[in-house]
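Undergrad: One letter stands for each residue in the lines below.
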Amino acid sequence: MAPMTAVGEEMHALVERMYPLCRSITGDGVRATLEIVDEYVPLRVHEVPTGTQVLDWTVPQEWNIRDAYIADASGKRVVDFAASSLHVLGYSVPVSRTMPLSELRAHLHTLPEHPGWVPYRTSYYKPEWGFCLAQETLDALPEGEYEVRVDSTLADGHLTYAEHVVPGQVADEVIVSCHVCHPSLANDNLAGVAVAVFLARALAAEKPYYTYRFIFAPGTIGAITWLARNAERIDRVKHGLVLACAGDSGHLTYKRSRRGDAEIDRVLRHVLTASERPHRVTEFTPYGYDERQYCSPGFDLGVGSLSRTPYAGYPEYHTSADNPDFVSPEAMADTLAVCREAFSVLDRNRRYVNLSPYGEPQLGRRGLYDSLGGRSDAKQAQMAMLWVLSLSDGEHGLLDVAERSGLPFDTVAAAADALRDAGLIKA
Amino acid sequence: MAPMTAVGEEMHALVERMYPLCRSITGDGVRATLEIVDEYVPLRVHEVPTGTQVLDWTVPQEWNIRDAYIADASGKRVVDFAASSLHVLGYSVPVSRTMPLSELRAHLHTLPEHPGWVPYRTSYYKPEWGFCLAQETLDALPEGEYEVRVDSTLADGHLTYAEHVVPGQVADEVIVSCHVCHPSLANDNLAGVAVAVFLARALAAEKPYYTYRFIFAPGTIGAITWLARNAERIDRVKHGLVLACAGDSGHLTYKRSRRGDAEIDRVLRHVLTASERPHRVTEFTPYGYDERQYCSPGFDLGVGSLSRTPYAGYPEYHTSADNPDFVSPEAMADTLAVCREAFSVLDRNRRYVNLSPYGEPQLGRRGLYDSLGGRSDAKQAQMAMLWVLSLSDGEHGLLDVAERSGLPFDTVAAAADALRDAGLIKA
Amino acid sequence: MAPMTAVGEEMHALVERMYPLCRSITGDGVRATLEIVDEYVPLRVHEVPTGTQVLDWTVPQEWNIRDAYIADASGKRVVDFAASSLHVLGYSVPVSRTMPLSELRAHLHTLPEHPGWVPYRTSYYKPEWGFCLAQETLDALPEGEYEVRVDSTLADGHLTYAEHVVPGQVADEVIVSCHVCHPSLANDNLAGVAVAVFLARALAAEKPYYTYRFIFAPGTIGAITWLARNAERIDRVKHGLVLACAGDSGHLTYKRSRRGDAEIDRVLRHVLTASERPHRVTEFTPYGYDERQYCSPGFDLGVGSLSRTPYAGYPEYHTSADNPDFVSPEAMADTLAVCREAFSVLDRNRRYVNLSPYGEPQLGRRGLYDSLGGRSDAKQAQMAMLWVLSLSDGEHGLLDVAERSGLPFDTVAAAADALRDAGLIKA
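Chains as they are written, first to last, in numbering that gives the first Met the number 0: chain E, 0 to 426; chain R, 0 to 426; chain V, 0 to 426.
Pulled out of the complex, with its shape left as it was, chain E reads as follows (with noise of 0.2 Å):
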């Protein structure tokens, strides 16, 4: 693995690759999309079709766009799709007139109070076209007649979403999911496949515990989808984690799982808290991400949520300040190396059985006291052994000695190794 600060750069390449396409819940720019991330790690591919009938949902028609704009009187575009893909309406239907802008206002969305910025928006479910400008850009428009044109198709054909597998030891899994649906924003939702693509690649380089899936999807209708069609390895699924808005300068927030006490849960607030950054925890909420539907209460998965400043909390939200200027290398490569740790720690915290439960074992006799001569840490490596001595009654699990006795995880979890070796626990 590159270092930490090369990663980071190459985080923002990839961001920057990514951010011209025009990308919504189904259509080619999601495929363009996936078809760079499987450059970096090899993706899986799924295609499902147009009606299909998915949990409570069916998969709509797919959208797909060649260009769209505003022109003048004179012919001279004065909004358009080419420069921006977030210019149009998401799922806009195709139109080609031409009409006053006093009736053409009624489908332009601006945003007054940053007249710069150019809004996000979309209609997935109620057929309407219509186009995003910034404020600026309104006012400078002389009253007349426009030609208006959306070159769209809503048609059926499929919804896309991918996976990337890194095998584990175990079939247990791990997921890690991130939306791919927003068109040209960085922060949300770029940055945050970026980091999912390099913790794939340092998983795969660590022979992992857990068997880690990463899922590559839109919004809500993918993840929804994604869960109808694993119905049956939903069990295997044992944590996850959501990545969303992962790039900007603000602090780390993990927003827990439905059931607010998972094994991720007390993982991230673990790993946050001993790392010393500032940070925050929250509690969950049916809204956000796709944790509201992995924790929906028919699954209540133990998925929680890991964003830098959270959902709709920064004001270039949806617009398009949310470009790569907003996201940076180092901000990522800090998100990344969270994640890295958090699954450091999942991944080694395993129950144990003290086999010689009586007393203490006689840690000398093996010399394990022996093994400690030459470290600096020493007398640490030795309360540890002692608490997961005392700790291992198949009840508490090395997090649970690592937070109970104070000690590091990594530290808790070299002398649970040690005493394994040494036949004096087993998982």
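Hint data in this document are derived by calculation from the structure and do not stem from the laboratory. Note that the Cβ used here is the ideal one computed from N, Cα and C, for glycine as well.
One side only, chain E facing chain V, incomplete, derived with CB under 7 Å:
1) Y357
2) G358
3) P360
Keeping the supplied structure of chain E fixed, place chains R and V upon it in accordance with the hints.
TA: Just chains R and V now, with coordinates in the frame of chain E:
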């Protein structure tokens, strides 16, 4: 229902009507009081014969009093029961004697620290006679001979209590219990009786979910008698509230049931907190009013107690200063309002099961988003629907939803109604 | 029992008698110590042969020492075991050689940060020889040849420990355990031994409920030996306390059992808090004294540890400065007093069942109010009766009653006695 200020005046008028009567744990004063109450809400009056075994107790002889006084040598009544029912020791045995003041003093009760006030004293289970008077009155009495006369009877008769039932949709009951055994004391407990009466009238207008049973009974022995005679019905009592000291100017105080986390405890805490009233919530103690009996360990009912300034917490407590001026229409109206809010929450605090628990159901398809279109609180109402869906797993009630989400209970309950009507949840 | 100040002086005199002896985990120093203890409370002494398997350990060879010194070229003893048992490394193998100081240094232990103090060092399980001396003494030694001699024997023999039992009304046991393996160190642990001795004498005078078993044994291997040889009796051990560092001038420290909320933990916390002594209650750690063994996960006994300044928490710890001047009669008397208070609570902490649980029983009829007539604490005693009745549901003990009511434990226990005598509750 009349506006609150008018209701407050009506309650105060009721207090003033009941005030002069000489109530005790038995006797005609209780009957006369219940006759007045019956003018407001129809009562079923129960007469339980002297000697009846009730739990560990026995219904005592009935006490009635016609006259009582201390007269000086000139025949002038210096202490006169006709002026205040407090002047005679409750349950005084009859006496008709002449004796010097020096001998009489052993039978006189005063409050030296409040020389103008007459104390309230009783001797239910030990045969005694006595008078209560102001220290000032006593100080003004010259030594000499006095005629003392208590024209009372202690004879086999009955203990009297009454019930009023507001029928609900289910047989499960909420009991509201007030003691009616205190003579001319306004806050303790005529204010409680008045609030109970108008609470019953308000509930009757609302077709409540629960059946609400109002119990007007003498303290301790009355509650014990009710419990003894309703052993087969106790299982129906799901919640309850003892009303006492409901009209003084202090903040509201809710005393938890013995369970400490009964539903009524959670409801009162929620309503008092959400209403932003200054208030106190105190832990259960086995002393106070008839929650002592309802919460005795064999019953352990979910019955709390609502007061303003609690039991013995104000200097006027159990003195002639607890007169109708001590209680206000505004304070009684406030107590009534909190009772109504609390029962409104309790009545709607259902547990629902999400019938579409795998992923979020598509609310838009069912018009549940559209229905919010014109509302100023559309966003809050939508969040409430998501919260109800998320927590409707059969283990969480709507109060849980309100508390965990931070949304107003009314918003949550309305969301649950909409979801139930759409067939997405069921109770 | 003599007044506390006298008891303190007696305990200090006992510390001074035991102080000069050279104790270790085996050998005649332990036997001589136990002979002194036996003069105060009769002991049953156990001798366990070398080589006996005890849990994961093996009883080691017995170590005895007659003489040890370092002499200079003139034959003058510059370090002499006769002056202090600390001067020889515990379990030193015999040696009789002449060597230059440069070579001898590898066998010398000092405390450079306290140049006037002699450290305490051992090498139980690795054959070594050595001397402990003041840094000042070492600094004054000229280079040159020295005679070094340790006249010790390490040979098959026995491990010695002893028990004293105060019989109780029931066979359920409370163990009190003190380590007796340290040589001339007063606070660690002669003060603990002295407190245990006088605690045993005090308990014997009180006909306690529990059977109290005092264990005087070498640290670690002694406790392990006791546990190994009492496997069939362990189920009887309901509670326990390890006494160590019981005589210094610091505040009392109670270290919880591994369970954290064992009854002994609650009792000590209650007694220390109720007594308004400055004190600390610390969480369990698997390091310290023999609570490590009693609380190992296979046994997981409710055994806490009471110290003043705990293990390694004072600079004099494991040095010659931990001499009889370091411990005071007052401090030992205070530790003893807390032990007596704690066992007094523990001994009376019964769970009762209210035999009249429906409504309040009529206390007046049974004379339970009258009995309080002349008492200044009549109100408190009455409240205690109501609380005991309220919580006597078989799930709450008298300590629960005391803590929930805020009443003194003695008042609660007296109320329970009165109610039990009246037939209202039973254990």
